[in-house]
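Taking numbering that gives the first Met the number 0, I'd label the letters of the sequence shown as residues 0 to 841.
Hints are computed from structural coordinates only; laboratory data are not their basis.
Nothing here was measured: the structure is a model prediction, and the numbers come from that model.
A portion of the hints provided could be inaccurate.
List of simulated lysine-lysine pairs, DSSO-like, C-alpha gap at most 30 Å [to be verified]:
hint, residue 1, residue 2
1, Lys488, Lys571
2, Lys499, Lys467
3, Lys569, Lys600
4, Lys600, Lys558
5, Lys569, Lys467
6, Lys762, Lys773
7, Lys572, Lys694
8, Lys444, Lys488
9, Lys413, Lys488
10, Lys562, Lys694
Cβ pair distances, simulated, as ranges [claimed, not checked]:
hint, residue 1, residue 2, range
11, Cys549, Glu687, 48 to 56 Å
12, Arg766, Ser615, 51 to 59 Å
13, Glu490, Arg580, 34 to 42 Å
Heads up, the beta-carbon is just placed ideally off N, CA and C, and yes, glycines get one too.
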Amino acid sequence: MEESKEITYSRAATENEEFLPNEAENNVFKRDRGKDEHHETTSYDLLKKALVKKGLPRDADVDEIVPDSPRGKLSHDIMFGDCFKNFSPEEGENPINQTGKISKEREDEIALITGKKTRKWIVRINEPLRIRWDLIIMIFATWNSFSIPIEIAFQPSIADTWYYLAVNTIIDLIFFLDIIVTFRTTYISPSSGDEISEPKQIAKQYLKGRFWLDLLSTVPFDFIAGGREELSWTQLFGLLKTTRVLRLSRITMFISLREDFTLIYFLVLYLHFTGCIWYMVHNSFQEWIPPQDYMFVKTELYEQSDSYKYLHSIYSSVNMLSGNELGPRKNPSILYVSGIVTLGAIVNANIFGNMAVIIQELNKKSHRFQEQIDIANTAMKNLHIHKELQAKVINYLLYTQSNRDQQRELQAFKKMISPSLQIEATKYIFYDIIKMNPILQDSSKKMIEHVLQSVNTILFLPDDYIVKQGEENEKHNENVMKSLYFISKGECEVTVRDEKNFEHSIAIIEQGVMFGEIALISNSSRTATVQCLNYNILEQQDEESFNEMCRLYPEVVSKFKHKRSQYNDKWKKFLKSLIVRTDYFKNLSFMCQEELIYSLKTQSFEEGSIIFDNRSKINKLYYVSEGEISIVLQLDNGEEVITDMLSQGSYFGAYSILKSNEQMFTYKASSFVSLLSIDRDSLDRIREEFSDLNKNLKDYEQYIEEHNVPVCDYCTMQSNVKEKFRLAVNRSMILNEYENKKNSKIGLLIEQLKKQNAENELKEIKRQKRERYKDSLKVNVPNFDESTMYTIEVFKFMNKYIDKMMNRSHNFEIIKEGVKLLQIALNNPNNEELDVIPEDEK
Numbered sequence: 000m001e002e003s004k005e006i007t008y009s010r011a012a013t014e015n016e017e018f019l020p021n022e023a024e025n026n027v028f029k030r031d032r033g034k035d036e037h038h039e040t041t042s043y044d045l046l047k048k049a050l051v052k053k054g055l056p057r058d059a060d061v062d063e064i065v066p067d068s069p070r071g072k073l074s075h076d077i078m079f080g081d082c083f084k085n086f087s088p089e090e091g092e093n094p095i096n097q098t099g100k101i102s103k104e105r106e107d108e109i110a111l112i113t114g115k116k117t118r119k120w121i122v123r124i125n126e127p128l129r130i131r132w133d134l135i136i137m138i139f140a141t142w143n144s145f146s147i148p149i150e151i152a153f154q155p156s157i158a159d160t161w162y163y164l165a166v167n168t169i170i171d172l173i174f175f176l177d178i179i180v181t182f183r184t185t186y187i188s189p190s191s192g193d194e195i196s197e198p199k200q201i202a203k204q205y206l207k208g209r210f211w212l213d214l215l216s217t218v219p220f221d222f223i224a225g226g227r228e229e230l231s232w233t234q235l236f237g238l239l240k241t242t243r244v245l246r247l248s249r250i251t252m253f254i255s256l257r258e259d260f261t262l263i264y265f266l267v268l269y270l271h272f273t274g275c276i277w278y279m280v281h282n283s284f285q286e287w288i289p290p291q292d293y294m295f296v297k298t299e300l301y302e303q304s305d306s307y308k309y310l311h312s313i314y315s316s317v318n319m320l321s322g323n324e325l326g327p328r329k330n331p332s333i334l335y336v337s338g339i340v341t342l343g344a345i346v347n348a349n350i351f352g353n354m355a356v357i358i359q360e361l362n363k364k365s366h367r368f369q370e371q372i373d374i375a376n377t378a379m380k381n382l383h384i385h386k387e388l389q390a391k392v393i394n395y396l397l398y399t400q401s402n403r404d405q406q407r408e409l410q411a412f413k414k415m416i417s418p419s420l421q422i423e424a425t426k427y428i429f430y431d432i433i434k435m436n437p438i439l440q441d442s443s444k445k446m447i448e449h450v451l452q453s454v455n456t457i458l459f460l461p462d463d464y465i466v467k468q469g470e471e472n473e474k475h476n477e478n479v480m481k482s483l484y485f486i487s488k489g490e491c492e493v494t495v496r497d498e499k500n501f502e503h504s505i506a507i508i509e510q511g512v513m514f515g516e517i518a519l520i521s522n523s524s525r526t527a528t529v530q531c532l533n534y535n536i537l538e539q540q541d542e543e544s545f546n547e548m549c550r551l552y553p554e555v556v557s558k559f560k561h562k563r564s565q566y567n568d569k570w571k572k573f574l575k576s577l578i579v580r581t582d583y584f585k586n587l588s589f590m591c592q593e594e595l596i597y598s599l600k601t602q603s604f605e606e607g608s609i610i611f612d613n614r615s616k617i618n619k620l621y622y623v624s625e626g627e628i629s630i631v632l633q634l635d636n637g638e639e640v641i642t643d644m645l646s647q648g649s650y651f652g653a654y655s656i657l658k659s660n661e662q663m664f665t666y667k668a669s670s671f672v673s674l675l676s677i678d679r680d681s682l683d684r685i686r687e688e689f690s691d692l693n694k695n696l697k698d699y700e701q702y703i704e705e706h707n708v709p710v711c712d713y714c715t716m717q718s719n720v721k722e723k724f725r726l727a728v729n730r731s732m733i734l735n736e737y738e739n740k741k742n743s744k745i746g747l748l749i750e751q752l753k754k755q756n757a758e759n760e761l762k763e764i765k766r767q768k769r770e771r772y773k774d775s776l777k778v779n780v781p782n783f784d785e786s787t788m789y790t791i792e793v794f795k796f797m798n799k800y801i802d803k804m805m806n807r808s809h810n811f812e813i814i815k816e817g818v819k820l821l822q823i824a825l826n827n828p829n830n831e832e833l834d835v836i837p838e839d840e841k
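Could you put the whole structure together from the sequences, leaning on the hints where they help?
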């Protein structure tokens, strides 16, 4: 075959897609075609070239196209469609004729990939019909393997009967028919691993192989040799019919025969062959004497019945296998015994070696398990664990021992079989799930096929965590971000952690139940924990395949959301109570609140870590689900002042998410903090879907345009009203002090002037009040003068002060201050500052 040219193609538009070739893809094609210049271009190569289309990356998954799947049908359409219009055919080939149709040879190869045969009278090598035919051939070959050696060596009288001849003739005809069937049976190319269906290539492969051996096995040498009075060496060609039994090694793969059965079968055939040929060799001379007849110097073996002679031959064959002396007389006997004893030594080594390996494999797991039991017993004895707990541990080990390697064996099994067989196995496992799951039950056939192609079977042990609440990636595989799970076998417990970190068991899920869809459709963290109660076989669909399924079949998304709306656990109730604390999330529709709740993502911070500093911009809305956050104000002198505390239920960023603004405060974790957040993109996506949320947000955006983002863009969750008031006052004082310290000297001067002006106003008010009081006294008191006025004011003041001392008589400093003021009042009649109350009593 001439060297194949590289197949190129130009940009060809299909109904919805287009092909975009590039140099890298051509290099991939060269690599896949192999370095052998005589490499055969098969439908497998064509399919991999055709599947490089826009939006469908060419990777290892291209090798796993399933004929009846959506991608398989797509590949069929591609291969029969526009992609062939611009192919440059290889030399000597014409894959597309002038009418635009694919040639018969290419069409037949494509049919093998798509699973639809278009050529008649071609049998695929793995078809059940072909396997049944091989079983029939093996049965007849086994008959020949026992009958032909007996017929040649012992020439029994039954061999001359008409029915015996008729049976042999029918078997010869079946063997001849098998040659014709083999010419029309596909084969697996040893170089590329492809299934070849081209009749010319099949014939060429068969003629270079065992064709001549099969042809000789159909020739009736017993008729050609003539009578049976004497042995004709041409009759030995009849032994070629027994080569058909070599198909047993292939057929045992499909009928699951055990290795020890196959070993025994071939050992019996070996003893049968060597025994019959041994008798045939020395029967032609009849001079050989069996070892047990040495003392008589003669033997009556040759006059015995055929059954006795056959059993004696088998006995001699066993002796030769073990290397015992048989005393051959003639040269042919000596040569034959030497060869068979040598071959017997090889067979013995092979048989006992295989038996040793089989026994070792059978005992390997039990020995390893026994070592684990011994280690466990020793450890529990040293730890003085009581008997009941020891029994539980041993029972657990016994329970897990037989299933410990199931996952590894499952993965090894999947690697051994082809992608199409993997799909068939998945369909078999998945059938009950499809019947039991309400979402898949009502789905289209194409969607079910998509799910079957994208799931991966995985095994979990008892107490394994499949998903954990609040986590993004899967517990069992950190490389897998999120997945959808279907339970094929086993039971799992679903638990939910509430706002107080208490675990609540909400359900026990069994076969057919699906879980994990909430985190996928909401692009959020896990909302519950799922733990295995026993051995579980699950079907896993990764996030990429799930998103593709939702894109191709949008109706399934609404089914998932409807199922999500039916959940009403404690954690969901807590999340709802959080979001409704934000003003523009109040009075929204049920579905809008559902979208908001499941759009929240989890973030965690260790104690002492900075969540946001005073130079950061907050572009998310955060809710505190666990821990406490200190709101810290940093003064110009470097001093840090805590203005507020955000505890569970508090939130911040309600305005900043609408208009990003630089923060005045530093948010610092006072303990371990868990936050729930929603970003601007998610909020915009939800507001586009729900008009009520959009209206509320527009009102707040208008307020921000008019008044800007508030300095304190957070809301505390304080149940104690007194404490809440105290913090508010403290915050106001600190902010005022902060603003005062930020002012310049002119600002300080202005503040001093304001203070002085206020003091002057207060003095003027007091003076006017004093004058009015004096005027009233002059009218009502005879002989009134200034000393009388002063005396009245002193006793009025002391009366008020005595009341204060009575309420706080335990304060000795206040009493001393009162005595001092009384002395001042009596000794200084012109003192005008008696109305001044001590500073600690202001």
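Checked hints:
no.: 1; hint: Lys488 x Lys571; in the structure: holds, 29 Å
no.: 2; hint: Lys499 x Lys467; in the structure: holds, 17 Å
no.: 3; hint: Lys569 x Lys600; in the structure: holds, 17 Å
no.: 4; hint: Lys600 x Lys558; in the structure: holds, 23 Å
no.: 5; hint: Lys569 x Lys467; in the structure: holds, 16 Å
no.: 6; hint: Lys762 x Lys773; in the structure: holds, 16 Å
no.: 7; hint: Lys572 x Lys694; in the structure: holds, 25 Å
no.: 8; hint: Lys444 x Lys488; in the structure: holds, 23 Å
no.: 9; hint: Lys413 x Lys488; in the structure: holds, 18 Å
no.: 10; hint: Lys562 x Lys694; in the structure: holds, 28 Å
no.: 11; hint: Cys549 x Glu687: 48 to 56 Å; in the structure: violated, 18 Å
no.: 12; hint: Arg766 x Ser615: 51 to 59 Å; in the structure: holds, 55 Å
no.: 13; hint: Glu490 x Arg580: 34 to 42 Å; in the structure: holds, 38 Å
In the structure shown, a violation is registered for the earlier hint numbered 11 alone.
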